[in-house]
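Model the full assembly from the supplied sequences, consistent with the hints where possible.
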Amino acid sequence: MPHIKPILAALKRHKAGTILIALQIALTLAIVCNALFIIQQRVTRLSRPTGMDESNLVAIQNRWVGVTDAAAAGVLTRADVLALRQMPGVQDAVQVNAFPLRGGGWSTGVRVDVDGKKPIAHTTQYFMDEHALATMGVKLIAGRNFRADEVVTTDPDKIQTSPQAIVSKALADKLYPDGSALGKPIYLGDDRTPSTVIGVVERLQVPWGAAWTDDFAENSVILPVQLTGNFSTYLIRAKPGQQAELVKAAPAMLTKLNRLRVITGDRGVRTFEVVREQAYKSDRGLAILMGVICLILLAITAAGIVGLTSFWVGQRRKQIGVRRALGATKHDILSYFLTENLMIGIAGVVIGALMAVGLNLWMVTQFEMARLSMAYVAAGVIALLLLGQAAVLAPAMRAAKVPPVEATRSV
Amino acid sequence: MFAYYFQLGLRSLRKNPVLTALMVMAIGFGVAASMTTYSVFRATSNNPIPQKSSQLFVPQIDNWGPEDAATTMGEPPPAMSYTDAIGLMRDHKAKRQTILYPVGVSLIPADANLLPISERSYAVYGDAFPMFDVPFLYGGGWTTAEDDAHAAVVVISKAFNDKLFHGANSVGREVNLDGRNYRITGVMDDWNPQPLFFDVVNSSAFPDPVQLFIPFTRAIELKVATNGNNNCNKSPANDGWEGYLQSECVWLGYWAELPTETDAKAYLQYLHAYSAEQQRAGRFHWAPNERLRNVMDWLDNRKVVPPESKISLLVAMGFLVICLVNTVGLLLAKFMRRASEIGVRRALGASRKDIYAQFLIEAAAVGLAGGLLGLLLTGVGVFGVSLVFDPRIARLATLDVSLVLLTFAVAILATVLAAFYPTWRAAQVQPAWQLKSN
Amino acid sequence: MLKMTHLAKVYRTEVVETYALRDFNIDVKEGEFVAVTGPSGSGKTTFLTIAGLLETFSGGQYHLDGIEVSQLNDNARSKIRNEKIGFIFQAFNLIPDLNVFDNVEVPLRYRGMKAAERKQRIMDALERVGLASRAKHYPAELSGGQQQRVAIARALAGSPRLLLADEPTGNLDTQMARGVMELLEEIHREGATIVMVTHDPELAARAQRNVHIIDGQVVDLAEDPRFHHAVHEARTGTPA
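Protein chains in written order, with the numbering used here: chain A, 21 to 431; chain B, 3 to 440; chain L, 726 to 965.
These are computed hints drawn from the structure, not numbers from a lab. One or more hints might be untrue.
[Unchecked claim] Each computed DSSO-like pair below joins lysine-lysine, with the alpha-carbon atoms no more than 30 Å apart:
no.: 1; chain 1: L; residue 1: Lys809; chain 2: L; residue 2: Lys844
no.: 2; chain 1: A; residue 1: Lys35; chain 2: B; residue 2: Lys95
no.: 3; chain 1: B; residue 1: Lys95; chain 2: B; residue 2: Lys225
no.: 4; chain 1: B; residue 1: Lys305; chain 2: A; residue 2: Lys138
no.: 5; chain 1: L; residue 1: Lys861; chain 2: B; residue 2: Lys165
no.: 6; chain 1: A; residue 1: Lys35; chain 2: B; residue 2: Lys97
no.: 7; chain 1: B; residue 1: Lys17; chain 2: A; residue 2: Lys421
no.: 8; chain 1: B; residue 1: Lys17; chain 2: L; residue 2: Lys839
no.: 9; chain 1: B; residue 1: Lys54; chain 2: A; residue 2: Lys178
no.: 10; chain 1: B; residue 1: Lys355; chain 2: L; residue 2: Lys861
no.: 11; chain 1: L; residue 1: Lys728; chain 2: L; residue 2: Lys844
no.: 12; chain 1: B; residue 1: Lys17; chain 2: L; residue 2: Lys844
no.: 13; chain 1: A; residue 1: Lys137; chain 2: B; residue 2: Lys236
no.: 14; chain 1: A; residue 1: Lys259; chain 2: A; residue 2: Lys178
no.: 15; chain 1: B; residue 1: Lys54; chain 2: B; residue 2: Lys312
no.: 16; chain 1: B; residue 1: Lys236; chain 2: A; residue 2: Lys204
no.: 17; chain 1: B; residue 1: Lys165; chain 2: A; residue 2: Lys276
no.: 18; chain 1: L; residue 1: Lys861; chain 2: B; residue 2: Lys17
no.: 19; chain 1: L; residue 1: Lys804; chain 2: B; residue 2: Lys355
no.: 20; chain 1: L; residue 1: Lys809; chain 2: L; residue 2: Lys754
no.: 21; chain 1: B; residue 1: Lys236; chain 2: A; residue 2: Lys189
no.: 22; chain 1: A; residue 1: Lys204; chain 2: A; residue 2: Lys138
no.: 23; chain 1: A; residue 1: Lys276; chain 2: B; residue 2: Lys225
no.: 24; chain 1: B; residue 1: Lys17; chain 2: A; residue 2: Lys338
no.: 25; chain 1: B; residue 1: Lys355; chain 2: L; residue 2: Lys844
no.: 26; chain 1: B; residue 1: Lys236; chain 2: A; residue 2: Lys138
no.: 27; chain 1: A; residue 1: Lys32; chain 2: B; residue 2: Lys355
[Claimed, not checked] Computed list of chain B residues with no C-beta within reach of chain L, every gap over 12 Å:
no.: 28; residue: Phe138
no.: 29; residue: Asp191
no.: 30; residue: Gly230
no.: 31; residue: Asn240
no.: 32; residue: Leu247
no.: 33; residue: Ala289
no.: 34; residue: Gln432
All of these numbers come straight from a predicted model, not from anything done at the bench. Quick reminder that beta carbons are idealized off the backbone N, C-alpha and C, glycines included.
Take a look at the structure:
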């Protein structure tokens, strides 16, 4: 390891170049740390399980045409569900008001105490019948499913408190942290009468995938209610291998059943794979964009280091020749440049780490974002120092190859 | 002299192809990243109705009270209850005004072989058309008399007109909506304000174009429910449609046209007086809390620009800065490598100004090349945006003439800016230096 | 043409002041061919850089073609260098990226000359040094003597009033040196004022007048014993 003092002295004479490389390393570190962090957050979100068995699911959104009476539409909807369950290739089907990652649904506060003013938790409400668990493929871990006679059909404006409710484990644990929620009362919204928890499912995500739902992402209540109205949504579980066929056959069957309906648009008929893709499109996209930007950024920073170090080596050929003539080994020259780069790199990453944290703190105030984990800063610091050493290697090796005779050349 | 320096610049750039390529790539990538994300940002933060954005206002009235407002930092609900919307409409204090909400109506084609069609539709007052500067191909909006009469009239889009009437003037003809006939009063020309400013509450802000408008009064009479959001702070006291209309559920948009600042001030006072009146009447148990925002303030308040677009714009700007720092370094290396040439030129009579000109022009040539590469990459980037953003937003990001020009301008300006320090260093080279034989 | 009176040049560092030139007096008349000689470190190159307005000086006066130059700014000095002075360097100092034609063109460019006139002058100057056929060659493709002739052509192209040469044959072998020297003599015969710095007594002897610098001052040639020695060397052609 060469002495540090003479390197510092030499760097003082190349202030501009030194500052530029350090600054570039600092800025790159600041951006790469934050970008990696954003990627990690997005990837975590988009790989979050819904709790359903997502393969072989198909979702259909239907609108009745010219039916203004909600009850009349409800009858048509019921006919659809029954017809779907009869279809070959269909394992089970259910009419829902919403499903995980659909992007729109109901949510409300929950209390466990009738006089409790503040809700203990926020939850989504799914209105489904006794086919819900089988169709979605969620796992019941305690209690029982709804019975057919518990399901009520109602107008959305006239919903009554359901005596029974199935809750997700996340919500159950939040409401009754000290024991099983089974058999206990919950109060939804401004209800004065309780719903009793008759079952707990392992996991069931809310209809939204966005950041604002992060603090209640798995708080779900399923209520034995079938909503009427001229808008209906069906979730269908295809028999294995029948999904692709069903995507075409199901809407065709429904249209044949009743022509006065609209099943169109990019949300008309979707496999759950498409639902997931659409729900997380911007998360995935941002992660890809950040990844691409990080890679190019690191490449450009490396290129900058190669460029400037090459210039320095070129400028100091004679000096290097003199050193070689005075007995410096190739290894001495190589380690001189590597140490020089390491020192600039350390200065850069120190500033960069501060900038990374500062940038993150600012972004936290501007966007829905979490605090940057120090592990990312540490990883970024190591990555950039290694990058710097790798980038400087080629010009440093060229410097090491300068022959001692260079000392005697005049130009 | 410009041509001479430009030629010298090109020659010098050819001399060090690797260094030149590094610089051109740094600038190209930096510019492309920032331009691509800027194109999305520009599209999402677009003023959809520039000629009138300062005259169109959204009033907000707090009909929920401070307990709910506390969760939104004092903001009244972003939509209106039927009671308040109708109250404001009745008072008619603005030059023009409309209540609006998205309706899920379906069109049943006369041809029995065709399936019903359901597209984005709104229920509005006749004032909406002149208010929003809706362009008409044939006919126009409906009259106040037709509003009052709950008339079965409709305004359809050009696309609908092309589909149903093969582009012919269909004014006066009828279409079947949900089993009822409506008389066409007008056919809109292409009209697709982005963001869809008048309904950012219910739409994704960048939805497909609006295809149908029907009278608000008609929709209410037919009990057509909103196709958008409905928010209630408590369950309606009475059942049924009437109960719903009387409730404090908020689901309606309201727009007022107030041509001058004085009008806007007066209207805000009116909103205050209206709320105070509701308090006196015992409906509100809290002090008046109202807002009045014009189009751009409203879009800002509703956070229409997606955070993805803001974050990536931010990152791309940082990216451009890093690329520039990189370019400063490389240009410095490139220029100082030619210290001897500069010394000779200075000895032969080049003034500092000449050196500045020569090297800045050389940098501009790098910028131009970087701009070309940047343009190419921006093209790729804009294409790739569909991977990154919701396709409804991505399709707004286009590589138009202004973006092309901006790409070049940013590339050249940024490079010349980056070249200032290296050029200054170059101009400091003393003519005497190189006279001595090293 | 070139007149320095009581001129001083001080190099200051934090610790010491070094006089490169002190009370320096010289007067070169129009049309003279003056050789400046002196030992290494005597200040002859400093004299040349100041004469050529490449460096400023610390005290005294310098009149170039009747103009007092000490108060001129960088731009004005650049203009004088461009229009009145031609430089011939020991290391040729051709710009390697430019071909012969473009190298000769450099000073003419800064004068803002029309293309046609530039071309005429460049070809005339190259003709003069016998390199018209090499106009498209790059410096690296030429011998040392040819390179120096290009440098001379570059100095001549602008028709300068004063030609300053710093060891013009220093990097050349004897035969090439002779050719360059003959060219300079020819240029002088045509009326140019030439000041040439050299430590080669043989070259110095071929000038009209010799000025000897020792320790930053012009030494009276007749009174300094070292001069006689130098003259003797020049006559006999034996190196010191």
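Status of the hints after comparison with the structure:
1. Between L/Lys809 and L/Lys844, the direct Cα distance comes to roughly 20 Å. Compliance with the 30 Å bound is thereby established for this hinted pair.
2. At most 30 Å may separate the alpha-carbon atoms for a hinted pair to count; A/Lys35 and B/Lys95 exceed this at roughly 68 Å.
3. The hinted pair formed by B/Lys95 and B/Lys225 meets the criterion: a straight-line CA distance of about 27 Å does not exceed 30 Å.
4. Taking the CA atoms of B/Lys305 and A/Lys138, the gap is about 28 Å. The hint holds against a cut of 30 Å.
5. Distance check on the hinted pair: L/Lys861 and B/Lys165 sit about 71 Å apart at the alpha-carbon level, beyond 30 Å; violated.
6. Using a Cα cut-off of 30 Å, the hinted pair A/Lys35 and B/Lys97 is violated, with the two alpha carbons roughly 66 Å apart.
7. Between B/Lys17 and A/Lys421 the alpha-carbon distance is near 23 Å, which keeps this suggested pair within the 30 Å criterion.
8. About 27 Å separates the Cα atoms of B/Lys17 and L/Lys839, which keeps this hinted pair within 30 Å; it holds.
9. Note on B/Lys54 and A/Lys178: the hinted pairing is violated, with a Cα-Cα distance of about 42 Å set against a maximum of 30 Å.
10. Between B/Lys355 and L/Lys861, the direct Cα distance comes to roughly 29 Å. Compliance with the 30 Å bound is thereby established for this hinted pair.
11. Of the pairs offered as hints, the one joining L/Lys728 and L/Lys844 is violated, with about 34 Å between alpha carbons and a cut-off of 30 Å exceeded.
12. For the given pair, B/Lys17 sits about 25 Å from L/Lys844 by alpha-carbon distance, which is consistent with the 30 Å threshold.
13. In summary, the hint linking A/Lys137 to B/Lys236 is supported, as the alpha carbons are separated by about 14 Å, within the 30 Å threshold.
14. About 36 Å separates the Cα atoms of A/Lys259 and A/Lys178, which puts this hinted pair outside 30 Å; it is violated.
15. Among the hinted pairs, B/Lys54 with B/Lys312 is consistent with the structure: their alpha-carbon atoms are about 26 Å apart, no more than 30 Å.
16. Proximity of B/Lys236 to A/Lys204 is assessed by CA-CA distance (about 24 Å); at most 30 Å being required, the pair is judged to hold.
17. A distance of roughly 24 Å separates the Cα atoms of B/Lys165 and A/Lys276; the hinted pair therefore holds under the 30 Å criterion.
18. A threshold of 30 Å between alpha carbons decides the hint, and for L/Lys861 with B/Lys17 the separation of about 17 Å falls inside it, so the pair holds.
19. For the suggested pair L/Lys804 and B/Lys355, the alpha carbons sit about 12 Å apart, so the restraint of at most 30 Å is met.
20. Annotation: proposed proximity of L/Lys809 to L/Lys754 holds, straight-line Cα distance about 15 Å (limit 30 Å).
21. Taken as a hint, the B/Lys236 and A/Lys189 pair is honoured in the structure, with Cα atoms around 28 Å apart against an allowance of 30 Å.
22. As the CA atoms of A/Lys204 and A/Lys138 are separated by approximately 18 Å, the hinted pair is consistent with the 30 Å bound.
23. Distance restraint check for A/Lys276 and B/Lys225: the Cα-Cα separation of roughly 28 Å lies within the 30 Å cut-off, and the hinted pair is therefore satisfied.
24. Taking the CA atoms of B/Lys17 and A/Lys338, the gap is about 22 Å. The hint holds against a cut of 30 Å.
25. For a cut-off of 30 Å, the pair hint linking B/Lys355 to L/Lys844 stands: about 25 Å separates their Cα positions.
26. At roughly 15 Å between alpha-carbon atoms, B/Lys236 and A/Lys138 fall within 30 Å of each other, so this suggested pair holds.
27. Pair hint A/Lys32 plus B/Lys355 holds up; C-alpha atoms about 29 Å apart against a cutoff of 30 Å.
28. Here B/Phe138 stays apart from chain L, with its beta-carbon at least about 62 Å from theirs, past the 12 Å limit.
29. For B/Asp191, the shortest C-beta to C-beta distance to chain L comes to about 57 Å, beyond the 12 Å cut-off, and the non-interface label holds.
30. The beta carbon of B/Gly230 sits about 68 Å from the closest Cβ of chain L, which is more than 12 Å, so the claim that it is off the interface holds.
31. Against chain L, the non-interface label of B/Asn240 holds: every CB pair exceeds 12 Å, the least being about 89 Å.
32. Every Cβ of chain L is farther than 12 Å from the Cβ of B/Leu247; the closest lies at roughly 83 Å, confirming the non-interface assignment.
33. The non-interface label for B/Ala289 is consistent with chain L: the shortest C-beta to C-beta separation is roughly 72 Å, beyond 12 Å.
34. For B/Gln432, the requirement that its beta carbon stay farther than 12 Å from each beta carbon of chain L is not met, with the minimum near 7 Å.
Hints 2, 5, 6, 9, 11, 14, 34 from the list above are not met by this structure, while the remaining hints are.
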